[in-house]
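> So the chains spell out like this:
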Amino acid sequence: MTKENGSNNTQTGTWRVKAGLAQMLKGGVIMDVVTPEQAKIAEDAGACAVMALERVPADIRADGGVARMSDPGMIQRIMDMVSIPVMAKARIGHFVEAQILEALGVDYIDESEVLTPADEAHHIYKHNFKIPFVCGCRNLGEALRRIGEGAAMIRTKGEAGTGDVVEAVRHARTVLGQIKQLQVMPEEELMTFAKEIGAPYELVKETRALGRLPVVNFAAGGVATPADAALMMQLGVDGVFVGSGIFKSGNPAKRANAIVQAVTHFNDPEILAEISKDLGEPMVGINVRSLPEEELLAERGW
Amino acid sequence: MRTVLNLVEENQPAAGNVTVGVLALQGAFLEHINVLRRIGVKARPIRTAAQLETVDGLIIPGGESTTIGKLVVRWGLLQPLQDFIAAGKPVWGTCAGLIMLAKDIGQTPQEGGAHILPHRLAAMDIIVDRNAYGRQIDSFEADLTADFLPGKAPFRAVFIRAPRIEAIGPTVTPLIRYGDDVVAALQNRQLLVTTFHPELTADPLLHEYFVSLVKQAHNRQPQTRS
Numbered sequence: 172m173t174k175e176n177g178s179n180n181t182q183t184g185t186w187r188v189k190a191g192l193a194q195m196l197k198g199g200v201i202m203d204v205v206t207p208e209q210a211k212i213a214e215d216a217g218a219c220a221v222m223a224l225e226r227v228p229a230d231i232r233a234d235g236g237v238a239r240m241s242d243p244g245m246i247q248r249i250m251d252m253v254s255i256p257v258m259a260k261a262r263i264g265h266f267v268e269a270q271i272l273e274a275l276g277v278d279y280i281d282e283s284e285v286l287t288p289a290d291e292a293h294h295i296y297k298h299n300f301k302i303p304f305v306c307g308c309r310n311l312g313e314a315l316r317r318i319g320e321g322a323a324m325i326r327t328k329g330e331a332g333t334g335d336v337v338e339a340v341r342h343a344r345t346v347l348g349q350i351k352q353l354q355v356m357p358e359e360e361l362m363t364f365a366k367e368i369g370a371p372y373e374l375v376k377e378t379r380a381l382g383r384l385p386v387v388n389f390a391a392g393g394v395a396t397p398a399d400a401a402l403m404m405q406l407g408v409d410g411v412f413v414g415s416g417i418f419k420s421g422n423p424a425k426r427a428n429a430i431v432q433a434v435t436h437f438n439d440p441e442i443l444a445e446i447s448k449d450l451g452e453p454m455v456g457i458n459v460r461s462l463p464e465e466e467l468l469a470e471r472g473w
Numbered sequence: 019m020r021t022v023l024n025l026v027e028e029n030q031p032a033a034g035n036v037t038v039g040v041l042a043l044q045g046a047f048l049e050h051i052n053v054l055r056r057i058g059v060k061a062r063p064i065r066t067a068a069q070l071e072t073v074d075g076l077i078i079p080g081g082e083s084t085t086i087g088k089l090v091v092r093w094g095l096l097q098p099l100q101d102f103i104a105a106g107k108p109v110w111g112t113c114a115g116l117i118m119l120a121k122d123i124g125q126t127p128q129e130g131g132a133h134i135l136p137h138r139l140a141a142m143d144i145i146v147d148r149n150a151y152g153r154q155i156d157s158f159e160a161d162l163t164a165d166f167l168p169g170k171a172p173f174r175a176v177f178i179r180a181p182r183i184e185a186i187g188p189t190v191t192p193l194i195r196y197g198d199d200v201v202a203a204l205q206n207r208q209l210l211v212t213t214f215h216p217e218l219t220a221d222p223l224l225h226e227y228f229v230s231l232v233k234q235a236h237n238r239q240p241q242t243r244s
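Residue numbers (the working numbering), protein chains in the order written: chain D, 172 to 473; chain V, 19 to 244.
A hint or two may mislead.
Stated by the list, open to error - Interface residues of chain D toward chain V, partial, derived using beta-carbon atoms under 10 Å: (1) THR183; (2) ALA190; (3) GLY276; (4) ASP409.
To be verified - Derived lysine to aspartate or glutamate pairs resembling EDC-like cross-links, with alpha carbons at most 20 Å apart: (5) D:LYS351 <-> V:GLU28; (6) V:LYS121 <-> V:GLU184; (7) D:LYS376 <-> D:GLU360; (8) D:LYS351 <-> D:GLU373; (9) D:LYS425 <-> D:ASP215; (10) D:LYS351 <-> D:GLU377; (11) D:LYS301 <-> V:ASP156; (12) D:LYS425 <-> D:GLU452; (13) D:LYS351 <-> V:GLU27; (14) D:LYS376 <-> V:GLU27; (15) D:LYS366 <-> D:ASP439; (16) V:LYS170 <-> V:ASP156.
Claimed, not checked - The following residues of chain V were derived to be distant from chain D, with all beta-carbon distances above 10 Å: (17) GLN30; (18) ALA33; (19) ARG62; (20) LEU70; (21) ALA104; (22) GLY124; (23) ASN237.
Think of the hints as simulated: they come from the structure by calculation, not from any bench. Just so it is clear, CB atoms sit at the ideal spot from N, CA and C, and this is done for glycine as well.
Build out the structure end to end from the sequences listed, making use of the hints.
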């Protein structure tokens with residue numbers, strides 16, 4: 172394409188193209204799916220993208236062991252089934268899994284704490300890839316470090332596979348609260364703030380000027396109901412990931428559709444009441460406070 | 019290099035003789051609202067039929083066309099949107115919005131055809147292939163020239179999992195090309211489509227052009243607004 176349209180100075184894999192896809196996903200719901208059939212249900216329910224993986228976080232949590240990138244054959248079958256973007260997860264720091272996902276042609280790579288980390292000191296250098304990355308964060312420093320490494324989209328981590336929204340709320344409030352703090356800070360304090368949160372100074376300045384993260388920011392980890400999704404939207408995120416919350420519930424198609432409606436009409440309680448009716452059993456859920464510290468996925472990554 | 023444009027909501031201008039709505043069900047609607055406000059045009063998000071009645075023109079933004087299509091049906095917007103077009107009011111579809119406006123969707127090997135999006139506005143005489151340039155890895159940016167606006171400098175355009183216009187009917191005028199592909203087109207000075215995303219770049223020339231269409235239509239039909 173570059174050759175035949177040389178006079179147009181055509182470029183692929185630019186920052187604008189990577190961050191731009193995330194802009195197209197805003198106001199939408201990205202759903203975890205483990206089979207092509209589930210991917211179809213998600214697409215039919217109005218998901219703006221799907222995350223293809225072998226086991227949803229609730230099962231990863233239950234099964235234990237090492238969680239790795241999914242079988243590329245299985246990801247390929249999901250890509251063949253739906254026309255919406257397909258994301259897939261690589262282990263933190265596992266740049267070869269990311270290379271494989273890029274070769275496969277997935278639309279977004281999630282360098283995810285839900286999988287067992289491959290490197291306990293370093294994340295993937297994401298600027299090297301033409302495929303965009305989304306990464307998790309618990310606070311502003313973590314978000315800006317990931318953006319510094321090339322993440323074109325951020326999601327707050329929450330605590331995946333629990334159905335408990337409390338950590339998603341904590342992480343969203345932390346990131347958004349730190350941005351507010353940054354905006355009222357005298358200029359001379361910015362460098363020290365950047366040092367304290369371990370974030371690149373230039374990105375700290377940019378975030379302050381914008382009054383928001385410089386890339387699209389979704390919520391993830393524990394969203395199980397339309398009300399949970401609308402709560403995250405009202406807190407100020409751009410969209411939501413729903414992992415185990417849909418296909419671990421009693422009526423996945425109906426719940427998936429309701430969560431999509433809730434993200435569009437997050438500010439309208441009457442509509443939220445209407446769409447929340449008769450959805451069947453939600454996923455059972457695990458109270459995050461009952462989990463031992465070594466089982467907390469959000470602690471992975473740095 | 020890292021700046022992502024139009025993510026932060028702009029202030030509404032105090033005055034302006036037309037109001038442009040942006041369909042705000044899913045996708046990059048805030049980006050369009052921001053560009054409009056920056057060029058001094060009143061802009062508001064549209065989520066209901068009642069809101070649609072308050073605007074003189076409408077942008078259907080980029081996003082996921084399957085998602086937007088389903089939400090349009092779910093919230094009873096299909097008929098009001100068709101009425102809006104029948105009343106002669108301008109509508110501009112970017113990317114997913116173009117797919118909503120297209121009369122027909124072609125079949126490509128990897129992508130589903132019209133059955134994926136049975137409920138569309140089907141108002142513009144074009145046939146379009148979804149995601150025709152490939153998946154995200156093939157998404158690209160390129161320089162384009164708006165030859166229909168003499169004197170305008172080339173501008174950078176962003177194509178994200180973009181559709182391709184496969185065929186255009188006799189009432190449709192090609193406005194901008196990328197190689198052999200028509201990437202912007204106009205029907206009856208009312209329906210505008212672009213396969214790329216002018217809301218993701220700094221140059222507002224296409225927003226200015228669309229607003230000029232809205233103003234012309236508004237002046238032709240003063241009775242539609244009290």
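> Does each hint fit the structure? Answer for all of them.
Going through the hints against the structure:
At a threshold of 10 Å, the smallest CB-CB gap from THR183 of chain D to chain V is about 5 Å, leaving the interface hint in force. Below 10 Å, beta-carbon pairs count as interface contacts, and ALA190 of chain D has one with chain V at about 5 Å; its hint therefore holds. Given hint, GLY276 of chain D at the interface with chain V, holds; its Cβ is 5 Å from that chain's nearest Cβ, closer than 10 Å. The beta carbon of ASP409 of chain D comes within 8 Å of a beta carbon in chain V, closer than 10 Å, and the hint placing it at the interface holds.
About 18 Å separates the Cα atoms of LYS351 of chain D and GLU28 of chain V, which keeps this hinted pair within 20 Å; it holds. For the hint linking LYS121 of chain V to GLU184 of chain V, the alpha-carbon distance of about 12 Å falls within 20 Å, and the restraint holds. For the hint pairing LYS376 of chain D with GLU360 of chain D, the CA-to-CA distance comes to about 11 Å; that is within 20 Å, so the pair holds. The suggested pairing of LYS351 of chain D with GLU373 of chain D holds, with an alpha-carbon distance near 17 Å, which does not exceed 20 Å.
For the suggested pair LYS425 of chain D and ASP215 of chain D, the alpha carbons sit about 10 Å apart, so the restraint of at most 20 Å is met. Simply put, LYS351 of chain D and GLU377 of chain D have alpha-carbon atoms about 13 Å apart, close enough for the 20 Å limit, and the pair holds. At roughly 9 Å between alpha-carbon atoms, LYS301 of chain D and ASP156 of chain V fall within 20 Å of each other, so this suggested pair holds. A distance of roughly 11 Å separates the Cα atoms of LYS425 of chain D and GLU452 of chain D; the hinted pair therefore holds under the 20 Å criterion.
Proposed proximity of LYS351 of chain D and GLU27 of chain V is supported: the alpha carbons are some 16 Å apart, at most 20 Å. For the hint linking LYS376 of chain D to GLU27 of chain V, the alpha-carbon distance of about 18 Å falls within 20 Å, and the restraint holds. A C-alpha spacing of about 40 Å is found between LYS366 of chain D and ASP439 of chain D, which places the hinted pair above 20 Å, so the restraint is violated. Proximity of LYS170 of chain V to ASP156 of chain V is assessed by CA-CA distance (about 28 Å); at most 20 Å being required, the pair is judged violated.
In this structure GLN30 of chain V is separated from chain D by more than 10 Å, as the shortest Cβ-Cβ distance comes to about 17 Å. Even its closest Cβ contact with chain D, about 26 Å, leaves ALA33 of chain V beyond 10 Å, as expected for a residue assigned away from the interface. Listed as a non-interface residue, ARG62 of chain V keeps its Cβ farther than 10 Å from every Cβ of chain D; the least gap is roughly 14 Å. At roughly 15 Å, the least C-beta separation between LEU70 of chain V and chain D is larger than 10 Å, which holds for a residue marked as non-interface.
Taking the minimum C-beta to C-beta distance to chain D, about 25 Å, the non-interface status of ALA104 of chain V holds against the 10 Å cut. Every Cβ of chain D is farther than 10 Å from the Cβ of GLY124 of chain V; the closest lies at roughly 13 Å, confirming the non-interface assignment. Non-interface call for ASN237 of chain V relative to chain D: holds, since the shortest CB-CB distance, roughly 33 Å, exceeds 10 Å.
Checked against the numbered hints above, the structure violates hints 15 and 16; every other hint is satisfied.
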